[in-house]
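Colleague: One-letter residues, chain by chain:
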Amino acid sequence: MKRILVIGLVLGSIILAGTVFGADLKVYAGAGLIKPMEEMRLLFEKEHNCAIDVHYGSSGELFGLLSMGQPCDVLIPGAAKYTLDALKNGWIIEKSIHKLVKHVPVIAVPKGNPAHITSLENLAKPGIRVALGDPKGPAIGRVAKKILAKNRLAEQVGKNVTVLAPTVNQLLIYVALEQVDAGIIWGDLVTWAEGEGKVDVVTIDRQKNIIKTIPTALTTHGRDNAFAKDFNTFLASSQGLSIWKKWGFEPCDR
Amino acid sequence: MRQVSLFRAVLVFLSFLITGTLLLAIGSFFMVPSWSVVWENLQSPELLFSLRLSLWTGALSTVLVMLFALPVGYTLSRFDFPFKGCVKAIVDLPVAFPELVLGLCLLLCFGQSFLGKWLQSMGIHVVFTQTGIVVAQFFTALPYAIRIMKSTYDYINPRLEFVSRSLGYSLFETYVNVTLPLAKSGIMAATVIAFARCIGTFGTVLILAGGSAGKTDTLPITLYLNISYGNMGMALTCGIILTIVSFLAIFVFEKAEAGL
Numbered sequence: 014m015k016r017i018l019v020i021g022l023v024l025g026s027i028i029l030a031g032t033v034f035g036a037d038l039k040v041y042a043g044a045g046l047i048k049p050m051e052e053m054r055l056l057f058e059k060e061h062n063c064a065i066d067v068h069y070g071s072s073g074e075l076f077g078l079l080s081m082g083q084p085c086d087v088l089i090p091g092a093a094k095y096t097l098d099a100l101k102n103g104w105i106i107e108k109s110i111h112k113l114v115k116h117v118p119v120i121a122v123p124k125g126n127p128a129h130i131t132s133l134e135n136l137a138k139p140g141i142r143v144a145l146g147d148p149k150g151p152a153i154g155r156v157a158k159k160i161l162a163k164n165r166l167a168e169q170v171g172k173n174v175t176v177l178a179p180t181v182n183q184l185l186i187y188v189a190l191e192q193v194d195a196g197i198i199w200g201d202l203v204t205w206a207e208g209e210g211k212v213d214v215v216t217i218d219r220q221k222n223i224i225k226t227i228p229t230a231l232t233t234h235g236r237d238n239a240f241a242k243d244f245n246t247f248l249a250s251s252q253g254l255s256i257w258k259k260w261g262f263e264p265c266d267r
Numbered sequence: 037m038r039q040v041s042l043f044r045a046v047l048v049f050l051s052f053l054i055t056g057t058l059l060l061a062i063g064s065f066f067m068v069p070s071w072s073v074v075w076e077n078l079q080s081p082e083l084l085f086s087l088r089l090s091l092w093t094g095a096l097s098t099v100l101v102m103l104f105a106l107p108v109g110y111t112l113s114r115f116d117f118p119f120k121g122c123v124k125a126i127v128d129l130p131v132a133f134p135e136l137v138l139g140l141c142l143l144l145c146f147g148q149s150f151l152g153k154w155l156q157s158m159g160i161h162v163v164f165t166q167t168g169i170v171v172a173q174f175f176t177a178l179p180y181a182i183r184i185m186k187s188t189y190d191y192i193n194p195r196l197e198f199v200s201r202s203l204g205y206s207l208f209e210t211y212v213n214v215t216l217p218l219a220k221s222g223i224m225a226a227t228v229i230a231f232a233r234c235i236g237t238f239g240t241v242l243i244l245a246g247g248s249a250g251k252t253d254t255l256p257i258t259l260y261l262n263i264s265y266g267n268m269g270m271a272l273t274c275g276i277i278l279t280i281v282s283f284l285a286i287f288v289f290e291k292a293e294a295g296l
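In order, the protein sequence lines correspond to chains A and B. Taking the working numbering, the leading residue of the first sequence gets 14, the next gets one more, and so forth. Taking the working numbering, the leading residue of the second sequence gets 37, the next gets one more, and so forth.
Since the hints were made in silico from the structure, they are not lab data. The structure displayed is predicted, hence computed values, not measured ones. Even glycine gets a Cβ: it sits at the ideal position worked out from N, Cα and C. Warning: the hint list may mix true and false statements.
[What the hints assert, rightly or not] Only part of the chain B face toward chain A is listed, based on derived beta-carbon distances under 8 Å: (1) M102; (2) A132; (3) S248; (4) I263.
With the hints as extra help, turn the sequences into a complete structure.
Modeller: The structure is reproduced here in structure tokens:
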């Protein structure tokens, strides 16, 4: 019994080490994209018989890793701003940028909407507990700040903000566990939790909202990597887009 | 004879190997950033805020932890009572718990629950506040302090307490005048470890207090936030301060242990 356990452990660590160190392709993706990205990674690995290592993090973190010269072949952040900034710094190949899908902010409320939130303005009502993303960390934090500023609600809603969460996922937990009355979060992310019946969605009027696009792009590091080129195209292919749609993302108009 | 020395050589080699690797890992922390960046970050209001917050919450939590660790450690060491094994196991549980799990448990317990609402009606808000930081640190550090106090009391010969009792002192008088002075080094060690644990608590504080920048970000949270901002200079500066705090704590702990 003990021997089997030891052999299993050794084999397990070899396989694990193999996938980490022997990756043919290194991808950085926003933490909120994990579900569709994982499905596409598995599919691509099977079809091309290769190993992909995807690092998920907040868009700010991914940008920081790139700036430190960490190896990355394909970059898919939570908003186009990060790809464009990376392009300015000469880390991205301009021709390889594909717009993929829309990232639509919505108001997430606990199941049953206990505080009766129906609009963006409701977030300013006295006594409402609001959770937002940290404006400097995840892309949703920066966008939420801009939406409130655009609608002249920054000050009033600011008084109601009880927590600035460092990641989107933490934001979702606080809404789902009813620790806050509402939070501004990506619509696609909420569709997964909504499927499990934990949160309800209140949409933000189109003209009041700020809708982001998610791009994919090759980095200069991945220029000569054939897998990277194929993966970058695959994400934007019709097969890829159908997976994005399945997880609640809206494809960009072409 | 030769076999024994080979055995000894291998053990010493292994000890040096692991120490060397650790030293390299900790050293690289100090080698990467430029000192001008560290110095600049050390003076930033953001870091000073989180340092001050870490120090006062850590100190307050440590005092609370010791107030509970002293009696609970003594109870577990000296008395027999029903369900003692059960109590010991539950008190110890957070040692093995991942901090994030403990954070979620506390969030559910102090959030929109019966207990949370009752505390809120008394004006005590735990979730997403600095009070929450203290609560999170308290529950994370408590089991370590209780363990150290229990083993400290275990090493104190009960005969000394019996002598005091036979001379007519009450249980309480005996505890204060005989047991506590004998447990001095253990109390010192437990306090230092509890403080280091409080300062270093990450996951529990992140979930319960929310980790909002400029409000509930203690040093480990500021470190994490700055990694997610891509601001490595500040992250490394926080790391360096935390390393120094841990180093001092372990140094004092070793000193106290030598006096046991």
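Colleague: Would you mind marking each hint as holding or not holding in the structure?
Modeller: Hint check results:
no. : hint : in the structure
1   : M102 : violated, 30 Å
2   : A132 : violated, 20 Å
3   : S248 : holds, 4 Å
4   : I263 : holds, 6 Å
Hint violations for this structure: numbers 1 and 2, all remaining hints satisfied.
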